Amino acid sequence: MDAAPRSPSAGRQTLLGLHDVSVRYTSRRGSVLALDAFNLEVQPSSFVSVLGPSGCGKSTLVRLVSGLQAPTTGEVRFDGVAAQGAREDVGVAFQQSALLPWKTALENVLLPIRLTGARVQQAMPRAQALLDLVGLTDFKDRYPNELSGGMQQRVAVARSLIRDPSILVMDEPFAALDAMTRETMMIELQRIWMETRPSVLFITHSIQEAVFLSDRVVVMSGRPGKVIEDLTIDLPRPRDVQTLGLPRFAEISNHLRDMLGQR
Amino acid sequence: MPRLLDWLYSLTTRLLPIVLLVAIWWAVVRGFDVPSRLMPAPDEVGARIYAGLFAQGDLWPHLATTLMTTLGGYLLGTILAIMLGSVLAMNRVLELMVYPIVVLIQSVPKVAIAPLVLLWMGFDTRSTVVLVALTCFFPVFVGTFVGVRAAPPVLLDLFRTLNASTFKTYWHCSLPNAAGSIVAGMQVGWGFALVGCVVMEFIMGMGGAGYLIDNSANALDAVTAVAAMVLLGVMGFGGGALLQSLKARVIFWEGEARRG
Numbered sequence: 001m002d003a004a005p006r007s008p009s010a011g012r013q014t015l016l017g018l019h020d021v022s023v024r025y026t027s028r029r030g031s032v033l034a035l036d037a038f039n040l041e042v043q044p045s046s047f048v049s050v051l052g053p054s055g056c057g058k059s060t061l062v063r064l065v066s067g068l069q070a071p072t073t074g075e076v077r078f079d080g081v082a083a084q085g086a087r088e089d090v091g092v093a094f095q096q097s098a099l100l101p102w103k104t105a106l107e108n109v110l111l112p113i114r115l116t117g118a119r120v121q122q123a124m125p126r127a128q129a130l131l132d133l134v135g136l137t138d139f140k141d142r143y144p145n146e147l148s149g150g151m152q153q154r155v156a157v158a159r160s161l162i163r164d165p166s167i168l169v170m171d172e173p174f175a176a177l178d179a180m181t182r183e184t185m186m187i188e189l190q191r192i193w194m195e196t197r198p199s200v201l202f203i204t205h206s207i208q209e210a211v212f213l214s215d216r217v218v219v220m221s222g223r224p225g226k227v228i229e230d231l232t233i234d235l236p237r238p239r240d241v242q243t244l245g246l247p248r249f250a251e252i253s254n255h256l257r258d259m260l261g262q263r
Numbered sequence: 264m265p266r267l268l269d270w271l272y273s274l275t276t277r278l279l280p281i282v283l284l285v286a287i288w289w290a291v292v293r294g295f296d297v298p299s300r301l302m303p304a305p306d307e308v309g310a311r312i313y314a315g316l317f318a319q320g321d322l323w324p325h326l327a328t329t330l331m332t333t334l335g336g337y338l339l340g341t342i343l344a345i346m347l348g349s350v351l352a353m354n355r356v357l358e359l360m361v362y363p364i365v366v367l368i369q370s371v372p373k374v375a376i377a378p379l380v381l382l383w384m385g386f387d388t389r390s391t392v393v394l395v396a397l398t399c400f401f402p403v404f405v406g407t408f409v410g411v412r413a414a415p416p417v418l419l420d421l422f423r424t425l426n427a428s429t430f431k432t433y434w435h436c437s438l439p440n441a442a443g444s445i446v447a448g449m450q451v452g453w454g455f456a457l458v459g460c461v462v463m464e465f466i467m468g469m470g471g472a473g474y475l476i477d478n479s480a481n482a483l484d485a486v487t488a489v490a491a492m493v494l495l496g497v498m499g500f501g502g503g504a505l506l507q508s509l510k511a512r513v514i515f516w517e518g519e520a521r522r523g
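Line by line, the protein sequences are chains F and D.
So that you can map any letter, position 231 of the first sequence is 231 in this note's numbering, and since no number is skipped, the others follow by simple counting.
So that you can map any letter, position 221 of the second sequence is 484 in this note's numbering, and since no number is skipped, the others follow by simple counting.
Calculated directly from the structure, the hints in this document are not laboratory data.
All values derive from a computational prediction rather than experimental measurement.
Hints are supplied without guarantee of correctness; some may be wrong.
[Claimed, not checked] Listed below are the simulated DSS-like cross-link pairs for lysine-lysine, each with C-alpha atoms no more than 25 angstroms apart in a straight line:
1. 140/F / 103/F
2. 510/D / 103/F
3. 431/D / 510/D
4. 226/F / 510/D
5. 226/F / 431/D
[Claimed, not checked] To be clear about the criterion: a stretch of chain D counts as covered by chain F if any three or more of its residues have a C-beta under 8 angstroms from a C-beta of chain F, and this derived list gives those stretches:
6. 274–288
7. 435–441
[What the hints assert, rightly or not] In silico negatives: residues of chain F with every beta carbon more than 12 angstroms from chain D:
8. 22
9. 67
10. 88
11. 146
12. 169
13. 171
14. 245
15. 254
Just so you know, even glycine gets a beta-carbon here, dropped at the ideal spot from N, CA and C.
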């Protein structure tokens, strides 16, 4: 297939950069190389998906960027500066919604503010606005066990945006949802992203989600994880349900499927 | 209306076995003509309780003593247990250093320490409070430790990405997560606390339900002894039931999940 032009283009500034990163896990049974000589750059306000088979080091990638783990070798850089530990300008949405069951939706969204010791009252309007944005205006006083799985993930997304991050890391956020909810959430996420415009590093194993949402799709090989494809998605935005039926959508999807199948 | 029927049904199923047991007790005592100085019949015990609580009121002071002393020791033991359990659960080094000592102390039966406590603390309520605190400490400690440690890894990851301090992680995540486990420990602890109190009252002989049982049995007054026993049972059961309802209220999120 005529692959779309490769990015990143030189010259544009880089928000997040992983440079020759490798991660080795050592346990009693030996050591595993999860990522090897891994390079990735994410530009400001761009939506980048990382696609790969299970066990390719996708979760390791999340842990690196969210500061939960340091690379064995190489560097993770934000705005060109090597980073250590968790950062305020990185929002994280996990595979499970990771909400506190004893706090309401609104209180959960405010949690990052509460933990920094900042004034919760001052962040209240923003929290309300984010709940509006994710479509949960009427559910702000509900507890997580009163919300559906999709609603719980919406709260988690609102929470990850409360500190106005420049990059949002999403680790298969829809993996635990049913097929119909996933499709709705996919379209919703595009809308939320187009209104807030952080960079997004979206980890997924769904080709459909990756193609639909992304400016760029990065395909990883199996362990140790390496980038084997870096594709710019040239479908116009906003994309909607019709986009899923376009020949170009199928073409890109098939190409990615081939890439994944090779390894 | 169906709710009322449900409630009646559940009440009858719970009460029926108890009523049956009392009936068997009554039948055996009356049927075999057991002398009441050895084992009184339920109606005698009931009459003694009524007299002791309402007509003569001679049981009240003993019950009040036992209840207040047990409550005091229970509060002390529970607070210390929650504090130590929390600290050890949040700090690996302290866990390695202190946990074995706690287990070591626990493996000595508390009742065996009672005379020593008396020796150290003196012949008054303080000794009872200390022994009660010791007896109820361990279940609450274990409940706290296990509960705090059981915080879901994904929540701990979240708190790490938010740069939360150890204390804030404990306060906003691990402690609320442990609430159910702590209350469960407290339920077990309440029963232990009563044991500690009664044992000390046996030894000291200065009043309380324990003293009453010991003294009445020595005086061949089995009716009073059994009455005091029953009232102790009510105290134990009542505390447990109170904690159970507290649990449902405090840990509201562990109720039925309504997913859609």
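> Is the Cα-Cα distance between residue 510/D and residue 103/F 25 angstroms or less?
Replying inline: holds (17 angstroms)
>> Quick check for students: does the CB of residue 146/F sit more than 12 angstroms from each CB in chain D?
In response: violated (5 angstroms)
> Once the closest CB in chain D is found, is it more than 12 angstroms from residue 254/F?
Replying inline: holds (34 angstroms)
>> What's the verdict on residue 226/F and residue 510/D, does the C-alpha distance respect the 25 angstroms limit or exceed it?
In response: With Cα atoms ~50 angstroms apart, residue 226/F and residue 510/D exceed 25 angstroms; violated.
> Would the least Cβ to Cβ distance between residue 171/F and chain D come out above 12 angstroms?
Replying inline: violated (10 angstroms)
> Taking 12 angstroms as the cut and beta carbons as the points, is residue 22/F off the interface with chain D?
Replying inline: Fine: 22 angstroms to the nearest Cβ keeps residue 22/F off the interface.
>> According to the definition I'm using, a residue is off the interface if its beta carbon is farther than 12 angstroms from all beta carbons of the partner; does residue 88/F meet that for chain D?
In response: violated (7 angstroms)
> Just checking, residue 67/F versus chain D, shortest CB gap more than 12 angstroms?
Replying inline: It is violated; residue 67/F is separated from chain D by about 6 angstroms at its closest Cβ, not greater than 12 angstroms.
> Is the hinted pair residue 226/F and residue 431/D satisfied, with a Cα-Cα distance of at most 25 angstroms?
Replying inline: Violated. Residue 226/F to residue 431/D sits at ~37 angstroms, over the 25 angstroms cutoff.
> Holds or violated: residue 431/D with residue 510/D, Cα cutoff 25 angstroms?
Replying inline: holds (23 angstroms)
>> With the threshold set at 25 angstroms, check whether the alpha-carbon distance from residue 140/F to residue 103/F stays at or below it.
In response: Between residue 140/F and residue 103/F the Cα gap is close to 10 angstroms, so the pair holds against 25 angstroms.
> Are there at least three residues in the region 274–288 of chain D whose beta carbon sits under 8 angstroms from a beta carbon of chain F?
Replying inline: violated (count 0)
Of the numbered hints given earlier, the model fails hints 4, 5, 6, 9, 10, 11, 12, 13; all others are met.
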